[in-house]
Amino acid sequence: MGDSQYSFSLTTFSPSGKLVQIEHALTAVGSGQTSLGIKAANGVVIATEKKLPSILVDETSVQKIQSDTKYWSCLQVFLSFHLLSRKLSYGMGPDFRVLVRKSRNQAEQYHRLYKEPIPVTQLVRETAAVMQEFTQSGGVRPFGVSLLVAGYDDNGPQLYQVDPSGSYFSWKASAMGKNVSNAKTFLEKRYTDDMELDDAVHTAILTLKEGFEGQISGKNIEIGIIGTDKKFRVLTPAEIDDYLAEVE
Amino acid sequence: MSIFEYNGSALVAMVGKNCFAIASDRRLGVQLQTIATDFQRISKIHDRVFLGLSGLATDAQTLYQRLVFRHKLYQLREERDMKPETFANLVSAILYEKRFGPYFCQPVIAGLGDEDKPFICTMDSIGAKELAKDFVVAGTASESLYGACESMFKQDMEPEELFETVSQALLSSVDRDCLSGWGGHVYVVTPTEVKERILKGRMD
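Chains A and B supply the protein sequences, listed in that same order.
Residue 175 in numbering that gives the first Met the number 0 sits at position 176 of the first sequence, and the numbers go up by one each step.
Residue 26 in numbering that gives the first Met the number 0 sits at position 27 of the second sequence, and the numbers go up by one each step.
Source of the hints: derived by calculation from the structure; they are not laboratory data.
One should not assume that every hint holds.
[Claimed, not checked] Quick partial rundown of chain A residues pointing at chain B, CB under 10 Å, derived from the structure:
1) 25
2) 107
3) 111
4) 114
5) 118
6) 120
7) 228
[Claimed, not checked] Straight line, CA to CA, 27 Å or less: simulated DSSO-like cross-link-like pairs of lysine-lysine:
8) B:71 <-> A:101
9) B:153 <-> A:229
10) A:114 <-> B:153
11) A:114 <-> B:199
Glycine included, C-beta positions come from ideal geometry on N, C-alpha and C.
Next up, chain A with everything else stripped away, as it sits in the complex:
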């Protein structure tokens, strides 16, 4: 990877024992729009703000939640990512697309080998391994995205967060981005283990609403859900508006 002049890693330890590049990547992630995920008893919901930089942007073309695997409705895992609203041009959106591409590849390879849908943990492990590679290879930089991976497999609904460092965590509910501490406090208060998927969607909307600047509507947030049918869906703006009406 890279030519011989850059066969050394750009991510090196500081005297205090930190990997500064990864800290910077996490800062980049932390200054992006709020995203959150909630694991319910019968599914997982992922929600994110989708503030577009200008009214001239065609919002139908912007998709922050992408499906990862899709075969015979066995398992559908989807990733949502944490976007730096004005820094798309700096390579974070593309970072996300590269990761989605690699994860889709991994999932399909697994399926080709075993004719079974890939378990969520395995997919997360392999995606994390890719992200870790980019912190220890020559001439590359870490990814500027944190991923929220939600899925439903034989072990039930699962929610994982994968960081630029390559570490991953399983969450019952998690948030990332600008409003992360408020959002997490809110989720800690509101989360219950026996929450149903609909309750989780409501909670997700309320959490987003907490730190939202401006009027929240179906057009400036994106919500994806996966239920016991193991099929993920990105909710349409109309459906989101319905949930919003219920919440008020």
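Since the structure of chain A is already known, use the hints to place chain B on it.
Frame of chain A, contents of chain B only:
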């Protein structure tokens, strides 16, 4: 003589009621000379999946080692055993990797899947899977085995009856094949136990 007939072998797997049986002969030969009379053709991958490999013995051994390796890694990563259908797919993929320089083996895979449903399948040396609901056969004695199994097989046999049927089918078929025989090795697997039995037939 074909490379598949170099060592001689006979394998059969049969489905019963919530159980399955997998059986093989015990002869290892080098063309017409008998080298061993206690050769193991069937191996356990885990408690609920068994693999039998017929054909060239060296390829059978190496393939078995590779598959055990893959399965152990799978167990470590996924913290669970492979289902028989999954294992069959893995074997098929591994065989096809060597499409233009294949392993000269014909595997027979038998296992208990979800809800203790018996699963059997066989494939050719380049991974073409053949699923069956009743029985599968492989090896130099396969033609005789087809005939014997077809006539002796019944649906939903209990483990003891299944054992008798498989044993009779195996012993009568290897008697018509000079390259396989010297006894039999039968495994009858139910959700609760695995019964391994050695058969004594015509020792020639």
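The hints, checked one at a time:
no., hint, verdict
1, 25, "violated, 27 Å"
2, 107, "violated, 13 Å"
3, 111, "holds, 7 Å"
4, 114, "holds, 4 Å"
5, 118, "holds, 6 Å"
6, 120, "holds, 8 Å"
7, 228, "violated, 19 Å"
8, B:71 <-> A:101, "holds, 25 Å"
9, B:153 <-> A:229, "violated, 39 Å"
10, A:114 <-> B:153, "violated, 30 Å"
11, A:114 <-> B:199, "violated, 40 Å"
The structure shown violates the earlier hints numbered 1, 2, 7, 9, 10, 11.
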